[in-house]
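Chemist: Residue numbering for the sequence shown follows the numbering used here, beginning at 407 and increasing consecutively.
Incorrect hints may appear among the rest.
Unchecked claim - Restricting the straight-line Cα-Cα distance to at most 27 Å, the calculated cross-link-like pairs of lysine-lysine (DSS-like) are:
1) K448 / K429
2) K429 / K444
3) K411 / K443
4) K411 / K444
5) K441 / K415
6) K444 / K415
7) K448 / K411
8) K443 / K415
9) K429 / K443
10) K441 / K411
11) K415 / K429
12) K429 / K441
13) K415 / K448
14) K429 / K411
No lab work stands behind these hints: they were computed from the structure.
In this text, all values refer to a predicted model and were calculated from it rather than measured experimentally.
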Amino acid sequence: MNTLKAGEKYQCSNCGHIVVISKNCEGPRICCGRKMKKVEPK
C-alpha cells in the first residue's frame, strides 16, 4: 500500500501537472495514465 501524506507534492512526468495532497490518502495518483512522481523539496 502506498500512502500519500498531506502536504506532499506530486508531478506528472508527462504533462507536468502538479498536485498537492490535501489529506492523507491511498496512492498512487494517476495523471495521463501514469503514476505521478513525488516532487522532492529542494
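Chemist: Taking the hints in turn, state whether each one holds.
Modeler: So, going through the hints one by one against the coordinates:
| no. | hint | result |
| --- | --- | --- |
| 1 | K448 / K429 | holds, 22 Å |
| 2 | K429 / K444 | holds, 15 Å |
| 3 | K411 / K443 | holds, 13 Å |
| 4 | K411 / K444 | holds, 11 Å |
| 5 | K441 / K415 | holds, 13 Å |
| 6 | K444 / K415 | holds, 6 Å |
| 7 | K448 / K411 | holds, 18 Å |
| 8 | K443 / K415 | holds, 8 Å |
| 9 | K429 / K443 | holds, 17 Å |
| 10 | K441 / K411 | holds, 16 Å |
| 11 | K415 / K429 | holds, 12 Å |
| 12 | K429 / K441 | holds, 18 Å |
| 13 | K415 / K448 | holds, 12 Å |
| 14 | K429 / K411 | holds, 6 Å |
Hint compliance for this structure: every hint is met.
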